[in-house]
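Trainee: These are the residues of each chain, in order.
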Amino acid sequence: MDFLRATTWAEALRMKADRPDATPVQGGTDVMVEINLDKGRPAALLDLTPVTELAEWSAESGTVRIGAGVTYSRIIAELADRLPGLAQASRTVGSPQIRNRGTVAGNLGAASPAGDSHPPLLASGAIVEAESVGGIRMIPIGDFYTGVKRNALAPDELIRAVHVPERRGPQYFSKIGTRNAMVIAVCSFGIALDVAARTVGTGIGSAAPTPRRATEAEAFLAENWSPGDPEVSRRFGELVAAAAAPIDDVRGSRDYRVHALAVMARRTLGWAWEEHRRTS
Amino acid sequence: MRVNVTVNGAPMTADDVWPGESLLYVLRERLGLPGAKNACEQGECGSCTVYLDGEPVCACLVAAGQAEGREVLTVEGLASGEGELDPVQQAFVECGAVQCGFCTPGLIVQAHSLIARHDGVPADAEIREHLAGNLCRCTGYEKILDAVRLAARRKAGS
Numbered sequence: 001m002d003f004l005r006a007t008t009w010a011e012a013l014r015m016k017a018d019r020p021d022a023t024p025v026q027g028g029t030d031v032m033v034e035i036n037l038d039k040g041r042p043a044a045l046l047d048l049t050p051v052t053e054l055a056e057w058s059a060e061s062g063t064v065r066i067g068a069g070v071t072y073s074r075i076i077a078e079l080a081d082r083l084p085g086l087a088q089a090s091r092t093v094g095s096p097q098i099r100n101r102g103t104v105a106g107n108l109g110a111a112s113p114a115g116d117s118h119p120p121l122l123a124s125g126a127i128v129e130a131e132s133v134g135g136i137r138m139i140p141i142g143d144f145y146t147g148v149k150r151n152a153l154a155p156d157e158l159i160r161a162v163h164v165p166e167r168r169g170p171q172y173f174s175k176i177g178t179r180n181a182m183v184i185a186v187c188s189f190g191i192a193l194d195v196a197a198r199t200v201g202t203g204i205g206s207a208a209p210t211p212r213r214a215t216e217a218e219a220f221l222a223e224n225w226s227p228g229d230p231e232v233s234r235r236f237g238e239l240v241a242a243a244a245a246p247i248d249d250v251r252g253s254r255d256y257r258v259h260a261l262a263v264m265a266r267r268t269l270g271w272a273w274e275e276h277r278r279t280s
Numbered sequence: 001m002r003v004n005v006t007v008n009g010a011p012m013t014a015d016d017v018w019p020g021e022s023l024l025y026v027l028r029e030r031l032g033l034p035g036a037k038n039a040c041e042q043g044e045c046g047s048c049t050v051y052l053d054g055e056p057v058c059a060c061l062v063a064a065g066q067a068e069g070r071e072v073l074t075v076e077g078l079a080s081g082e083g084e085l086d087p088v089q090q091a092f093v094e095c096g097a098v099q100c101g102f103c104t105p106g107l108i109v110q111a112h113s114l115i116a117r118h119d120g121v122p123a124d125a126e127i128r129e130h131l132a133g134n135l136c137r138c139t140g141y142e143k144i145l146d147a148v149r150l151a152a153r154r155k156a157g158s
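Quick mapping for you: the protein sequence lines, in order, are chains A and B. Counted from 1, the first sequence has number 20 at position 20 by UniProt numbering; the numbering is strictly sequential. Counted from 1, the second sequence has number 75 at position 75 by UniProt numbering; the numbering is strictly sequential.
Simulated from the structure, these hints should not be mistaken for laboratory data. It is possible that some hints are incorrect.
List time: in silico SDA-like cross-link candidates among lysine to any residue, alpha-carbon distance up to 25 Å [to be verified]:
(1) A:39 x B:40
(2) B:143 x A:180
(3) A:39 x B:16
(4) A:39 x B:38
(5) A:39 x B:44
(6) B:143 x B:100
(7) A:149 x B:40
(8) B:143 x A:182
Now the stretches of chain B that chain A is said to cover, found in silico as 3 or more residues with beta-carbon under 8 Å [stated by the list, open to error]:
(9) 17–26
(10) 45–58
Glycine residues also receive a C-beta, built at the ideal position from the N, C-alpha and C atoms.
Using the sequences and the hints, build the whole thing.
Mentor: Have a look at this one:
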């Protein structure tokens, strides 16, 4: 195994072009587990932590560009007002030690269906900024996840940043786990209301081969914009559950996940609508 | 490969480091600092918690090469002088917040990071949240919480 240490972004892109078999490592909270437990051994590690510009975020024209090195701890501390859904999801990641190291870009690179940041990214329509020596590619989040732990990155590409639209209304994230910390989601759900447009964005986690939106549920709510109506929210929950394709595994059964998704969708919609009524 | 890292204020060098090796392994097996404990090796238990550039992290999840040029503070470096414990360590002793002791170094570093950034006494919910990534399988945590409250009260009162 080789250890490649990039000190600038340009150097990182050149290294990845020369060594497409290198695994980029930032917080190490997924990559190092694989190595420590001998589940997989990359040909090379490409350390991106010295690339300081990755650890910055910026906001421009209603969108936050989160550099690939920005940790969950910083998203919680610095972006909870602009990106409440992503900040809520970040609070449920691992433990403080994990949140001090882990990044959203790492979550995207690993592309586990259970990753906590995926539902809020889907719900708010994020865009992944991927780059190689050949140029920059902006990948809509819905096209990014291609299979279980697979994503749309080309072998020579690295994630530079993720672009997340700022909140246009209340956002909520809900996650089922066996305790209140250090859990991989049994299933999870993110919701983002766009109050002015009278639409809702959704994201389902850990209940299909990839994180995914519940597009029929979104369309139903847009056509029946009465989120406070119990019949509408019940139907919304049903449609979210219908969009999932979960499996039975060690963390939960298919049936439980379908049931839990319907409940989480209905509840988060209720929380979001209640916040909207309270604050408008 | 060679890794240069400042540990507890002293520049140190480790040679023949395997590229997939963790900072924890380097600390324990190459630099003679066995305070941070090796347990789960997947960031679940917090036994290996150390400061990396001022932030508490699981040393098992930091690739050794990522520590190049950085500053690490381990449990061995918390006490300021010979024979004198850090106030958090002292509180753990006084409260009996130790049983088998394996989780203790990680808990002390993690508790230290909470008290360091807090001027008052943190609410119980905040203490629990801060220590959620540190598993103890002996004590039931009550005396650990007592120790954190005691250390925080002493700092707030001083």
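Trainee: Please count how many residues of the segment 45–58 of chain B have a CB within 8 Å of a CB from chain A and say whether that reaches 3.
Mentor: holds (count 6)
Trainee: For residue 39 (chain A) and residue 40 (chain B), compute the direct alpha-carbon distance and say whether it is at most 25 Å.
Mentor: Cα-Cα ~14 Å, so holds.
Trainee: Given the hinted pair residue 39 (chain A) and residue 44 (chain B), is their Cα-Cα distance within 25 Å?
Mentor: Given that 25 Å is the threshold and the Cα spacing comes to 17 Å, the pair holds.
Trainee: With the threshold set at 25 Å, check whether the alpha-carbon distance from residue 143 (chain B) to residue 180 (chain A) stays at or below it.
Mentor: holds, 21 Å
Trainee: Residue 39 (chain A) and residue 38 (chain B) were given as a pair; does the straight-line alpha-carbon distance stay at or below 25 Å?
Mentor: Holds. Residue 39 (chain A) to residue 38 (chain B) sits at ~18 Å (cutoff 25 Å).
Trainee: Given the hint that residue 143 (chain B) pairs with residue 182 (chain A), does the C-alpha gap stay at or below 25 Å?
Mentor: holds, 22 Å
Trainee: Going straight from one Cα to the other, do residue 143 (chain B) and residue 100 (chain B) come out at no more than 25 Å?
Mentor: holds, 13 Å
Trainee: Do the alpha carbons of residue 39 (chain A) and residue 16 (chain B) lie within 25 Å of each other, as the hint requires?
Mentor: holds, 23 Å
Trainee: Under 8 Å between beta-carbons, do enough residues of the segment 17–26 of chain B, three at least, approach chain A for the coverage claim to hold?
Mentor: n = 4 at 8 Å, threshold three: holds.
Trainee: Check whether the Cα positions of residue 149 (chain A) and residue 40 (chain B) lie no farther apart than 25 Å.
Mentor: It holds: about 23 Å lies between the C-alpha atoms, which stays within 25 Å.
Comparing the model with each earlier hint shows no violations; every hint is respected.
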